[in-house]
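For reference, the chains in residue letters:
There are 2 protein chains.
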Amino acid sequence: MRILGIDPGSRLTGYGLIEGRGNRLRHVDNGVIVTSSRQPLADRLKIIHDGVAELVERFAPDVLAIENIFLARNAQSALKLGHARASAMLAAINAGLPVCEYSALQVKSAVVGYGKAEKIQVQQMVRTLLNLPEIAQEDAADALAVAICHFHSAPLQNRLALAGNRKVKK
Amino acid sequence: MRILGIDPGSRLTGYGLIEGRGNRLRHVDNGVIVTSSRQPLADRLKIIHDGVAELVERFAPDVLAIENIFLARNAQSALKLGHARASAMLAAINAGLPVCEYSALQVKSAVVGYGKAEKIQVQQMVRTLLNLPEIAQEDAADALAVAICHFHSAPLQNRLALAGNRKVKK
Chain Z
0 MRILGIDPGS
10 RLTGYGLIEG
20 RGNRLRHVDN
30 GVIVTSSRQP
40 LADRLKIIHD
50 GVAELVERFA
60 PDVLAIENIF
70 LARNAQSALK
80 LGHARASAML
90 AAINAGLPVC
100 EYSALQVKSA
110 VVGYGKAEKI
120 QVQQMVRTLL
130 NLPEIAQEDA
140 ADALAVAICH
150 FHSAPLQNRL
160 ALAGNRKVKK
Chain H
0 MRILGIDPGS
10 RLTGYGLIEG
20 RGNRLRHVDN
30 GVIVTSSRQP
40 LADRLKIIHD
50 GVAELVERFA
60 PDVLAIENIF
70 LARNAQSALK
80 LGHARASAML
90 AAINAGLPVC
100 EYSALQVKSA
110 VVGYGKAEKI
120 QVQQMVRTLL
130 NLPEIAQEDA
140 ADALAVAICH
150 FHSAPLQNRL
160 ALAGNRKVKK
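Protein sequences, first through last, are from chains Z and H. Under numbering that gives the first Met the number 0, the residues of the first sequence are numbered 0 to 169, in order. Under numbering that gives the first Met the number 0, the residues of the second sequence are numbered 0 to 169, in order.
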């Protein structure tokens, strides 16, 4: 299973690609999609959308994993984040990819094993799990974290879906 | 010139199509794109995106006009609005359409002639200007208002662009 994790932002959108086989995880790629606040909003949305679309085409992931935001600094930054998030998600949706959302608590629990872990602990753990000497961009590390969260959550979700199906069939 | 006005919302996205020839305005269509809060976010973004994409294909507008949001009730509603806004804008952007943003002040000034006009005054003026007995949905009326705003602003923008070009050529 190939997972594309996305950490959206109006200036920097981090991405991280991992591949999971059985219990083993492998790093594929990571980086950031950059926009400038001097560009018109329409151009920035297109850069994020097309950037994610290109990753989807190039790496053919099975799913896009993205953090679900419940807290934002203020309404203006929440609006910007919403723009970036939707642009990234639509690139996946338009390519027929499923999109899975995870809370910060779920990501931290899955990566560090503790829902209130510090950001730096999460990033160190991502490097350890993927056997990477360093990850250049913080946003790319966060994107890898949400991808790892999906990798750990997917088997549970599959079991729940199967259990749900069995219930329906009764 | 055919203008598609959009008033995005996470539940209801209003749209309004008008056609301007010289100083004359004609109503083409209006309505709302509906999503439900019970649907997953990815499905809702797709409904808004595909709904706007369908309007673009069906009516072939020259431009998409949308209100620029500076105030939102809170961060959570701003995030939802950002999702809906980006989804609508991307449908236009992906079809190669220019996107023009206007503030609430600009919309009210263009439609009513007074930047602090009440919402109801704007809606009444939209009906009068387009010679419509009624507009079923409030969000559709707001979408028509931003389309009318673009119609009135476009000649000025064109003149400014021409003036800018002349300056550059000096």
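What the hints contain is simulated information worked out from the structure, not anything from laboratory work. Bear in mind the structure is a predicted one, so any value in this text is a computation, not a measurement. There could be a bad hint or two in this list.
As the list makes no split between identical chains, a pair holds if one copy fits it or if it spans any two.
SDA-like cross-link-like pairs, simulated, lysine to any residue; straight-line CA separation at most 20 Å [said to hold, decoys possible]:
{"id": "1", "residue 1": "Lys115", "residue 2": "Leu128"}
{"id": "2", "residue 1": "Lys118", "residue 2": "Asp42"}
{"id": "3", "residue 1": "Lys118", "residue 2": "Leu40"}
{"id": "4", "residue 1": "Lys45", "residue 2": "Ser35"}
{"id": "5", "residue 1": "Lys45", "residue 2": "Asp61"}
{"id": "6", "residue 1": "Lys45", "residue 2": "Arg23"}
Each hint tested on the structure:
With identical chains, the CA atoms of Lys115 and Leu128 are at most 20 Å apart within one copy only, with a shortest distance of 19 Å there and 57 Å across copies. Taking the shortest alpha-carbon separations for Lys118 and Asp42, neither the intra-copy value of 30 Å nor the inter-copy value of 30 Å comes in at or below 20 Å. In this homomeric assembly, Lys118 and Leu40 never come within 20 Å of each other (Cα to Cα): the closest approach is 29 Å inside a single copy and 26 Å across copies. In the homo-oligomer, the alpha carbons of Lys45 and Ser35 lie at most 20 Å apart inside one protomer (12 Å), although the nearest pairing across protomers, at 26 Å, exceeds that limit.
Taking the shortest alpha-carbon separations for Lys45 and Asp61, only the inter-copy value of 18 Å comes in at or below 20 Å, while the best intra-copy value is 22 Å. In this assembly of identical chains, the alpha carbons of Lys45 and Arg23 never lie at most 20 Å apart, being 35 Å within a copy and 33 Å across copies at closest.
This entry does not satisfy hints 2, 3 and 6, going by the numbered hints stated previously.
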